[in-house]
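Student: Below, each chain spelled out in residue letters.
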Amino acid sequence: MALALRAGQHSHRAGAQLKSALVLFTALLVGCNGGSESPVPEDPSAQRARLLTADQYRNSIAAVFGDDIADSVLSPMPPLSRTAGLRANGAAEVGLTSDQLSQIQRSAAAVAAKVVDPAHRDFLLPCRPADANAADAVCAERFLREAGRLLQRRPLADERLAALVDGAGRAAAQTDDFYTGLALALEAVLISPEFLFIADRSEPDPERPGARRLDGYALASRLSFFLWNGPPDDALLAAAASGELHSEEGLRLAVERMLASSRLEAGTRAFFDDMLAFDAFDSLAKDPMVYPRVTGATLAQAREQTLRTIVDHVLVRDLDYRDLFTTRRTFLSPALAVVYGLPVEPGWTPHEFSEDSPRIGLLTQVSYLAAHSHAVRSSPTQRGKALREEFLCQVVPDPPPNVDFSTLEENEHAKTARERLDAHNSNPACAGCHLVTDPMGLALEHFDGAGQYRATENGAEIDTAGELDGALYDGVEGLARALRNHPKLPGCLVNRVYAWGTGGPASPVHDRNTLAWLEDRFAAEGYRLRGLFEALATSPAFRTVRPAEEAVKLDHGPGPTAPARISEAQLALRDTGVTR
Amino acid sequence: MRAVVALGAALCLVAARAAAEAPPGNTIGYVFTDLFWSVYQTDGAEECPQGFNDGPREQFAARFPAPEKLSVEETRLAMEAATWHPSGAPHDFAFHEIESTYAYGLDLDGESGPNDFRHPDGSPGIDNEIYRAVGCIIGFRGPDGVEYIFQSKAIKDEAYNRMMINLTGVDSLENDDSITVTVYRGRDELLTDATGEAIMPGGTQRVDRRWGESLIRHTRGRIEDGVLITEPIDGLVIPWQNLQVPSVQRIRGARFELRLGQDGAEGLLAGYADVDTFYYQLIRNDSTHHLANGQISAISLYKALRRLADAYPDPETGEHTAISTALDVRMTRVHIVDEADDGRDDPGGSAFPVSGR
Chain A
1 MALALRAGQH SHRAGAQLKS ALVLFTALLV GCNGGSESPV PEDPSAQRAR LLTADQYRNS
61 IAAVFGDDIA DSVLSPMPPL SRTAGLRANG AAEVGLTSDQ LSQIQRSAAA VAAKVVDPAH
121 RDFLLPCRPA DANAADAVCA ERFLREAGRL LQRRPLADER LAALVDGAGR AAAQTDDFYT
181 GLALALEAVL ISPEFLFIAD RSEPDPERPG ARRLDGYALA SRLSFFLWNG PPDDALLAAA
241 ASGELHSEEG LRLAVERMLA SSRLEAGTRA FFDDMLAFDA FDSLAKDPMV YPRVTGATLA
301 QAREQTLRTI VDHVLVRDLD YRDLFTTRRT FLSPALAVVY GLPVEPGWTP HEFSEDSPRI
361 GLLTQVSYLA AHSHAVRSSP TQRGKALREE FLCQVVPDPP PNVDFSTLEE NEHAKTARER
421 LDAHNSNPAC AGCHLVTDPM GLALEHFDGA GQYRATENGA EIDTAGELDG ALYDGVEGLA
481 RALRNHPKLP GCLVNRVYAW GTGGPASPVH DRNTLAWLED RFAAEGYRLR GLFEALATSP
541 AFRTVRPAEE AVKLDHGPGP TAPARISEAQ LALRDTGVTR
Chain B
1 MRAVVALGAA LCLVAARAAA EAPPGNTIGY VFTDLFWSVY QTDGAEECPQ GFNDGPREQF
61 AARFPAPEKL SVEETRLAME AATWHPSGAP HDFAFHEIES TYAYGLDLDG ESGPNDFRHP
121 DGSPGIDNEI YRAVGCIIGF RGPDGVEYIF QSKAIKDEAY NRMMINLTGV DSLENDDSIT
181 VTVYRGRDEL LTDATGEAIM PGGTQRVDRR WGESLIRHTR GRIEDGVLIT EPIDGLVIPW
241 QNLQVPSVQR IRGARFELRL GQDGAEGLLA GYADVDTFYY QLIRNDSTHH LANGQISAIS
301 LYKALRRLAD AYPDPETGEH TAISTALDVR MTRVHIVDEA DDGRDDPGGS AFPVSGR
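So the protein lines, in turn, are chains A and B. If you count the first sequence from 1, position 346 lands on 346 in full-length UniProt numbering, and the numbers rise without skipping. If you count the second sequence from 1, position 8 lands on 8 in full-length UniProt numbering, and the numbers rise without skipping.
Just to be clear, a hint being listed does not mean it is correct.
Cross-link-like lysine to any residue pairs, in silico, SDA-like; alpha carbons within 20 Å at most [claimed, not checked]:
#1 Lys156/B to Asp279/A
#2 Lys156/B to Gly296/A
#3 Lys303/B to Asp314/B
#4 Lys156/B to Pro292/A
Covered stretches of chain B (in silico footprint by chain A; criterion: 3 or more residues with CB under 8 Å from a CB of chain A, positions within the stretch not fixed) [claimed, not checked]:
#5 52-66
#6 250-257
Computed footprint of chain B on chain A; a stretch qualifies when at least three of its residues, placed anywhere within it, have a C-beta under 8 Å from a C-beta of chain B [stated by the list, open to error]:
#7 335-346
#8 508-517
Bear in mind the hints are in silico, worked out from the structure with no lab data behind them. Glycine included, each C-beta is placed from N, C-alpha and C at the ideal position.
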């Protein structure tokens, strides 16, 4: 892989200049024709190698071997740092320690053992060995060729396949068990960097001399992890093999099929789960004495409620993304209904809040309100900060290390959050940030720290008036509409989708043309998410790449970088056969 | 301190205002979370000066001092037969009834006779002969009697025994001279709160119209100073479950006296329990193992129940068939959803029901 990535590091200065000229030329042509559509920019996206996320690891195992095997093993992938609004972005920067690699190896062994166990082997293996107590190279090759292709998302090189088959045979001979040998070879595939890393392998772009494009398999992987959060299926790999993905029509048909697939829901849920920082729910808890009606199940279902709302809105109904912030439609479960104060059927049932309800849009769902609150009380500051960061892609600095909380805590006569937070406005050191967060959070103060409605706070009326970047409102509905109509809202989603799709943060320099074009397309198509997905997936930026500095580290960086270590481990396996 | 008092007063005022307000839709539902025979207990068990009753294990030992010399038929099976084919005739074992002036319960017959108890609050005429029968049996006494423990636990753990009441036409939870009370069986599990100990209010219960239709009862009631008092329901059937065994209790002339709140209700369900139903519920739900654990001699208890039964005489024999009782009941507020009332079968209805906050 290191060699392949190195091949993608060529300088593209000349190509970039040519492309800029082409963009300008195309723009002039469009202008002459009086066309209203902006030209399609041809700036390439960054070339990266990124680690599978925990979900992608799980989905990969499930796609090839089934849910039961995937769910029998905890994903060994390490947690990722949130970068530019997405945890997935951290996958392009993360390294692996030897301990983490050891975890991955243990999971690989567990998965491999499951695949060949008596309960699974008859339907997961395409053949039976002539003798279960001896090596069978023909059967081993049949299995490893196909499993390797699906797991590594490209065909195994002949030399690699031969080494795996040889390793399986030698292990079978040593243990007198064909399946033990096969499991060992499969384990080697599962710890290989080709499986663990999604590498943007590239090749010269024949249509643009000097530029590089993703090779067919890398494009297939980028498409499938973007839209499905999982590996390519057989049809997509076949399209990659045949070269169809490199034709405009072939790519369009592939994307069309992927957008029509039920797997699109998994990809969409994963994207929004990441964008909304729902990983916080993995450790979120409320004080049971303060919020006895909010259990662990309630919080888990709050996360699910929002994801269901989003999927229904943007996929099932194909509605304007911005209306997620003003929609009254959602879904309820029995545990959540207690918090919302509503009767409900068992299971998940659709529900629409009435027009006079304070529940309007995602901001008023329990997930948002509870996740951005303290364990025992609400937090207008956290809620306002999250609004700016998650939906407007703005960055609110953390409080300075010497912040004096006493002004807040000592205001014991304050009954409402607004009165408590007034202390910030009188302190210039605090006011700078709090003035950009608190007004939005205070509009949500009719909901306590668990997201339950309250008419008053400590017996006092709650003032929910405020302003969001010039839009004045007197309550939560006004805030919802102000956010819905905020000019930064669509652009932020475009930025996040671009990063999610291309595997790393968008560059404000290199990607700005593409982002602007995508935002225009998004607006022109009524802010439909499907349209945005399609536009990005079929765009030149998606299929062409520019050298990435990060990738250079794979070859030349200091020792601790994980891919280098994995390569060494993999090479060791190749050298010695598949033995432990 | 002054601030605390002021806050307390303010909270009381808020609570009072809330109670005085009509519930949404003039309707409020409650689901049973605890239900057990009401037993008035003092710390020193002064109401049982003769001590507690022996159970089957003690009676077996007294009756068969050398059981190894007898056959199984003559010993264990003989006691099983006596348990399952009980007789009201006296036998050799002493039975300790309650010897107390006080009991919880209601004045069911409107009379104050020599056999009546006095409520601890001083009210006379309390009818509760089941208390007289079971009050000195360890298994029926809290906090660790086997019946006491398992009965309410079963309500939280099971769904067969899901009982609830729906109050309609409620103008105020504080005072309303006429409301409708409907008893239903529910279909859904109870939701435990974040402490893991309490049932949280605000859950939803669907009315069981399939198997629970015959259990539905209607009556009228009134609310006085926050307490619901209903008119009698003749033939209330309570699905009862204990130790995973389903059974029922039949209460004649059943009436509720409940202090109502926004989140729950608490009080008494009183009436006349059918003697045979009471008895067979007990022995069906409890094996000899559990009866022995609670020192409950079913054989002796049956004789006491027959002896103390005080209502609904058999028209042929004149023997009373029912015995006055009271059950402590606690309930939690729920949304009661009755498919007979909504429009879900309406093909033109919205897939998204519209309501609330």
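Student: So, against the hints stated earlier in the document, which numbers end up violated here?
Tutor: Hints 1, 5, 6, 8 not satisfied by this model.
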